[in-house]
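Chains as they are written, first to last, in the working numbering: chain B, 1 to 147; chain C, 1001 to 1120.
Worth flagging that the hints you see were computed from the coordinates, not collected in a lab.
Values in this document were obtained by computation on a predicted structure and should not be read as measured data.
Treat each hint with caution, since some may be false.
[Unchecked claim] Listed below are the simulated DSS-like cross-link pairs for lysine-lysine, each with C-alpha atoms no more than 27 Å apart in a straight line:
#	chain 1	residue 1	chain 2	residue 2
1	C	Lys1115	B	Lys109
2	B	Lys25	B	Lys8
3	B	Lys23	C	Lys1025
4	C	Lys1113	B	Lys109
5	B	Lys23	B	Lys8
6	C	Lys1113	B	Lys110
7	B	Lys110	C	Lys1115
8	C	Lys1113	B	Lys25
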Amino acid sequence: MDKKMTRKEYMQWSQKEAPKTRKGKNMLMAFLIGGTICTIAQIINSFLLSAGMVQEDAGTVTTLIMIFLGAFLTGLNVYDDIGRIGGAGAAIPVTGFANSIVSPAMEYKKEGYVMGVGARMFLIAGPVLVYGIVASIICGILYYLFA
Amino acid sequence: MVFIRAFLLGGVICVLAQILIDLTKITPARIMVIFVVTGVVLGMLGIYPRLVEWGGSGATIPIIGFGNVLAKGVIEDIEKKGLIGAFSGGVRAGAVGIASAVFFGYIMAIVSKPKIKNKS
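Using the sequences provided together with the hints, build the complete structure.
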């Protein structure tokens, strides 16, 4: 960078360059964290298969274990740190889904166990379930009619 | 090697979400909704099951894989029971995911204390 750059030029330069490098780093971290979480799940899945489980059960139990890990690490205040580093890489795996349930539930515990914990658990999980289930029913009706 | 494929596919799916977050102003919650609906559609079209075959947990663990599970359950139940399967299949197939998320989520929220936030 040229030392003689004026203040105005620097502002323009930094605005142009900074978001780009930050985006690049965000993408890399999302890839690494997301990939790592999926690899851990694959290791659990392969272990369950080698222990004699059939593929479908192994997949289900793997999901269950990952959800437990996501909820557990959120309870220990660890997953939020992973989320800050990994961004979407931490949010998109099912561990992030568990995190999205535990995190607001913990935060709003002071509002009580029904409208605090019980209701706030679904702050993000609620919309995901609503749109997922509605989409699956609409697609199912179309599948029934046309397939 | 299945572990490398899981890493690559899982990583790529997460990068796609990160790009959507960074380039648009879409919030992470909306990304999750978009991904789960995308998973339902790709599952219904028979595209996502091929990704699962290739990438294993790299395809099933991201939230888009949950959409695929809903779609898979709906197709199975429609084949078995007809139109009512559109309503029964999704939640049946997603039952373990939904129930364990609610159960572990509730228990962990009850037993743990939130960190005092001192973000600037």
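Hints, verified against the model:
no. : hint                   : verdict
1   : Lys1115(C) x Lys109(B) : holds, 13 Å
2   : Lys25(B) x Lys8(B)     : holds, 26 Å
3   : Lys23(B) x Lys1025(C)  : holds, 13 Å
4   : Lys1113(C) x Lys109(B) : holds, 9 Å
5   : Lys23(B) x Lys8(B)     : holds, 23 Å
6   : Lys1113(C) x Lys110(B) : holds, 11 Å
7   : Lys110(B) x Lys1115(C) : holds, 14 Å
8   : Lys1113(C) x Lys25(B)  : violated, 31 Å
Checked against the numbered hints above, the structure breaks only hint 8 and satisfies the rest.
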